[in-house]
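S.K.: For chain A, the structure is supplied; the task is to place chain B on it using the hints.
There are 2 protein chains.
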Amino acid sequence: MMRLAIASAAAVLVGATLANAAEPIALRDMGSFHVGGRLVEISGKPVKEVTFTPGGVPAKVDPNGTYQVEQMYVQYFLPANEKGAYPLLMWHGGGLTGVTYETTPDGREGWLNYFLRKGWAVYNSDAVERGRAGWAQYPDIFKSEPVFLTTANPFERFRIGDGAGSYDPDPAKRKLMPGSQFPNEGYENFVKQNVPRWTTTDDAIIAAYLAEIDRVGPSIILFHSQAGSFGFKVAQARPDKVKALIAVEPAGLGDPAKADLLKNIPTLIIYGDYIEKDSRWPKIRANGLAFADAVRAAGGSVDVVDLPQAGIKGNSHMVMMDKNNAEVAALIQKWLEGKGLTK
Amino acid sequence: MMRLAIASAAAVLVGATLANAAEPIALRDMGSFHVGGRLVEISGKPVKEVTFTPGGVPAKVDPNGTYQVEQMYVQYFLPANEKGAYPLLMWHGGGLTGVTYETTPDGREGWLNYFLRKGWAVYNSDAVERGRAGWAQYPDIFKSEPVFLTTANPFERFRIGDGAGSYDPDPAKRKLMPGSQFPNEGYENFVKQNVPRWTTTDDAIIAAYLAEIDRVGPSIILFHSQAGSFGFKVAQARPDKVKALIAVEPAGLGDPAKADLLKNIPTLIIYGDYIEKDSRWPKIRANGLAFADAVRAAGGSVDVVDLPQAGIKGNSHMVMMDKNNAEVAALIQKWLEGKGLTK
Chain A
1 MMRLAIASAA AVLVGATLAN AAEPIALRDM GSFHVGGRLV EISGKPVKEV TFTPGGVPAK
61 VDPNGTYQVE QMYVQYFLPA NEKGAYPLLM WHGGGLTGVT YETTPDGREG WLNYFLRKGW
121 AVYNSDAVER GRAGWAQYPD IFKSEPVFLT TANPFERFRI GDGAGSYDPD PAKRKLMPGS
181 QFPNEGYENF VKQNVPRWTT TDDAIIAAYL AEIDRVGPSI ILFHSQAGSF GFKVAQARPD
241 KVKALIAVEP AGLGDPAKAD LLKNIPTLII YGDYIEKDSR WPKIRANGLA FADAVRAAGG
301 SVDVVDLPQA GIKGNSHMVM MDKNNAEVAA LIQKWLEGKG LTK
Chain B
1 MMRLAIASAA AVLVGATLAN AAEPIALRDM GSFHVGGRLV EISGKPVKEV TFTPGGVPAK
61 VDPNGTYQVE QMYVQYFLPA NEKGAYPLLM WHGGGLTGVT YETTPDGREG WLNYFLRKGW
121 AVYNSDAVER GRAGWAQYPD IFKSEPVFLT TANPFERFRI GDGAGSYDPD PAKRKLMPGS
181 QFPNEGYENF VKQNVPRWTT TDDAIIAAYL AEIDRVGPSI ILFHSQAGSF GFKVAQARPD
241 KVKALIAVEP AGLGDPAKAD LLKNIPTLII YGDYIEKDSR WPKIRANGLA FADAVRAAGG
301 SVDVVDLPQA GIKGNSHMVM MDKNNAEVAA LIQKWLEGKG LTK
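Each protein sequence line maps, in turn, to chains A and B. So for the first sequence, full-length UniProt numbering puts the first residue at 1; every next one is plus one. So for the second sequence, full-length UniProt numbering puts the first residue at 1; every next one is plus one.
Quick caveat, the hints were computed from the structure, so don't treat them as lab data. These figures come from a predicted structure and were not determined experimentally. Heads up, some of the hints might be wrong.
Identical chains share a label here; the pair holds if one copy fits it or two copies do between them.
Unchecked claim - Derived SDA-like pairs: lysine to any residue, alpha-carbon spacing no greater than 25 Å straight-line:
| no. | residue 1 | residue 2 |
| --- | --- | --- |
| 1 | 60 | 275 |
| 2 | 283 | 199 |
| 3 | 60 | 176 |
| 4 | 143 | 58 |
| 5 | 173 | 66 |
| 6 | 45 | 28 |
| 7 | 45 | 142 |
| 8 | 83 | 28 |
| 9 | 48 | 168 |
| 10 | 60 | 139 |
| 11 | 173 | 39 |
| 12 | 143 | 59 |
| 13 | 175 | 108 |
| 14 | 263 | 340 |
| 15 | 283 | 47 |
| 16 | 241 | 337 |
Okay, chain A solo, but in the shape it has when bound (with noise of 0.2 Å):
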């Protein structure tokens, strides 16, 4: 009995060590690089002058011309002992960055991390128009306006909340879901990690995530939310690049229509908890399970987790932010070990 209890108390312990990131990640390279796009002409406008820095020296810009536009931001580390046996390319959300599995908005470790601790190479990016990738200029070039949230809009509609009005500027005053493991604590820094997005380029977006995996080669893709729609359309075009599909709430999906492209490609759906309490999660979840009906019917392998089944409650649609994080990346290894996916 005291024997047991003191090899579980070292077992927390060395949990906690893993999850406070005391060992070192060794890295055998970590870098950065821009792929895709396309270039576009302008012309027609006044020359202008612009005074870069206020007391500068003012420079002529001259609006016509060449632009490159919707090319993709990719950031990769690879750890020294590699143990995936492909690459694991992530894939964030609308209106969101690669800053989405960094660190959490409460500070603690991401799956970015967690899966580079596991030995992926890990090749995390932000989609055309978000973040490091820039975004062109409208109407120009982009057709429509982009997107701002305000602050409560993700709180509402991210499954953090409990509804409408379930936000307040003070923490203590929020209605969470009930037992919600989102840090709400922490919200405010995911607020800042929210950047504006366009809804009409979806097209320009699936561009550069073939050119990303034309480039990085044979991959396994994790993605998230909007991302949803582009990691099984990019598999339906690579099928034979992709390797494992990990789908984390996805809003979107691919074409039914080439359901049986999918077939060789293990893939895990994941939703978090809360869905029925959810105006638009119950539909959306339902496409999600009649895409996975319809590769499996091609002769197809799709898991589909549903967390709260598995045990695990209280996820937002930011499942990788959650406090819970590190149990839910272990579920998604565990899977790829299975699937044979690791050396």
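M.R.: Just chain B now, kept in the frame of chain A:
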């Protein structure tokens, strides 16, 4: 003679090995955070229905409410074996992001890796309205329109090409500065790193940088181009927290009337090549020299290095990307060691 030749060849090989990143980078931690910013109210606008994902379920988006704006993004890499006496903050120039210090446009290691390998804790950031910092809607919050650059503009303005008309889409047809060290073959990738920028956000940028240094604590700042004024002004606002300043081709400066606030901060200012061939840089450099004189007159210590006079020739405005970037980094490292800023 033979022995010397062999020793020399071995030294070259060792150098090449280091440049090729053969040694693993050991990190005690890595991560990111956002810092600074403010809340702004917007009211009186109609509610929109937005379909975030084509074919997805529409969501109502009320544009009225509170917006988080003017925060900045910081990514940090903490070496397992820290040798810098203070963290090294890297601040990029105008229309750019922290990508400036990452892999060079032609795929070599940038200054982020260089200084990390030397044992510096590096905090590489995206300033307000750049990259992962996000940006605010205009004209509601930002009062001016953003500036976009054509593919040709930086080539001619950053002393890569030899004057107006020097750019050509075909790398072989470009008229480079004679002896240019800029990696011409990677110029398209450099253009992909450029992001839109405003010219009316200096105060917000400085406020966020102050928040960064208040969070990180006593630091050394390495800053480039537009950040010239940010580095010196932040140092004037936090003279006790800034332990050294490394200004790389500063396009702006601090307040000359407050030069005495910099008297205890060792300062290095670096200029590249071809200054006299440019229409703006002779004046920009003269302003820098005058500012250095003002700091010296107040009892400060400022070292100004014109790289060509130090025997390092061919540098563009983007010194940290030039083919000899490691040589310039070594000059900076030596200067830091000489100032007793390493452990």
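S.K.: Next, verify each hint and record whether it holds.
M.R.: Verification of the supplied hints:
no., hint, verdict
1, 60 with 275, "between (54 Å within a copy, 18 Å between copies)"
2, 283 with 199, "within (20 Å within a copy, 45 Å between copies)"
3, 60 with 176, "between (53 Å within a copy, 20 Å between copies)"
4, 143 with 58, "between (31 Å within a copy, 19 Å between copies)"
5, 173 with 66, "between (51 Å within a copy, 17 Å between copies)"
6, 45 with 28, "neither (48 Å within a copy, 51 Å between copies)"
7, 45 with 142, "both (17 Å within a copy, 22 Å between copies)"
8, 83 with 28, "both (13 Å within a copy, 20 Å between copies)"
9, 48 with 168, "between (44 Å within a copy, 22 Å between copies)"
10, 60 with 139, "both (23 Å within a copy, 23 Å between copies)"
11, 173 with 39, "between (49 Å within a copy, 18 Å between copies)"
12, 143 with 59, "between (29 Å within a copy, 20 Å between copies)"
13, 175 with 108, "within (23 Å within a copy, 50 Å between copies)"
14, 263 with 340, "within (17 Å within a copy, 61 Å between copies)"
15, 283 with 47, "between (51 Å within a copy, 23 Å between copies)"
16, 241 with 337, "within (19 Å within a copy, 48 Å between copies)"
In the structure shown, a violation is registered for the earlier hint numbered 6 alone.
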